[in-house]
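Colleague: Here is how the chains run, residue by residue.
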Amino acid sequence: MATTTATITLSSTDLLSDELSLNTTATLTAAGNSTGLTLASGLSRKKTGNTTEYTLFAAADYTDDKAHKVYLKNISTTAAQYFEIQVAGTVVGKIYAGDWALFPWSADSTGTNCDIDITPSAADMTLEYMLFIDE
Amino acid sequence: MATTTAAITLTSADLLTDALSLSATKTLHKAGSTVGLDQTTGMAKAYLTAVTQVDIFPPLIEGSIAFKGKTSWVYICNESEDETEYAVVKLSGNVIGKLYGGDFLWMPWSMAEDADADNKHADIQLTPSVATGMWFTWCCVNEGTEYPTSV
Chain R
679 MATTTATITL SSTDLLSDEL SLNTTATLTA AGNSTGLTLA SGLSRKKTGN TTEYTLFAAA
739 DYTDDKAHKV YLKNISTTAA QYFEIQVAGT VVGKIYAGDW ALFPWSADST GTNCDIDITP
799 SAADMTLEYM LFIDE
Chain V
365 MATTTAAITL TSADLLTDAL SLSATKTLHK AGSTVGLDQT TGMAKAYLTA VTQVDIFPPL
425 IEGSIAFKGK TSWVYICNES EDETEYAVVK LSGNVIGKLY GGDFLWMPWS MAEDADADNK
485 HADIQLTPSV ATGMWFTWCC VNEGTEYPTS V
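Chains as they are written, first to last, in my numbering: chain R, 679 to 813; chain V, 365 to 515.
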């Protein structure tokens, strides 16, 4: 069993009258227990040649209904460039230059084809990503 | 303009042969710009006591034309200390994943309407796994919010 932790810090001194200072740490564990995830895709980078939709992770390649975790980062430095993220064909949102995201993924392939797809807004953009895999 | 930053640190000494020590920090900007996000729902804390699916941002008109495609960021944390307790997270009725006790997510939200036109709009939905009570915290930091008209 491995121990992998994710810590998020949200901070702002001027979004509200009161300071925002949130810090949460989670240990990445398997579904329904405290066993640390032991598999990962490795930190990877994908350069997208054009603005076609790409399947980043196909649900059929992973165990259904598990506690996988997905990390994404748009490494572009051009503010207007984004990747549109879709899960199960539904647009989740856009990650612009420098943005990152971390979210759970069930890899559901029985009810809905829960692939994670990305669509870059411009040619030759690079996405950094890592999948923490629940067996 | 406000300056709000979101930072992540992913660490592990034993997941891989090499140590994992990844950090990323980003100031939250409006879509396609370097102007800081200036609106938020504030941090909500909720105790959900049914296994009923709930829409966690009901004051917002999800999928509204005015704010579709604008930048919104969503934080959700399952504050349960029981690792067997989870909440199914859905977007427009499609399962994204399950947040188990102690897990959090940070994801963009474009408020894009469901292509199936089944009236789910761009709802972010939580369904707790138990009815014995689970604590959650969540917030949305965004660049625009259209509220329902009062009746």
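Hints listed in this document are in silico derivations from the structure and should not be mistaken for laboratory results. Please note: incorrect hints may appear among the correct ones.
Claimed, not checked - If you want the footprint, here are the derived chain V segments under chain R, 3+ residues with CB under 8 Å:
1. 383-390
2. 411-417
3. 461-470
4. 505-514
Beta carbons: idealized from backbone N, C-alpha and C, even for Gly.
Colleague: Tell me, in ascending order, the numbers of any earlier hints that this structure violates.
Modeller: Of the numbered hints given earlier, those the structure breaks are 2, 4, listed in rising order.
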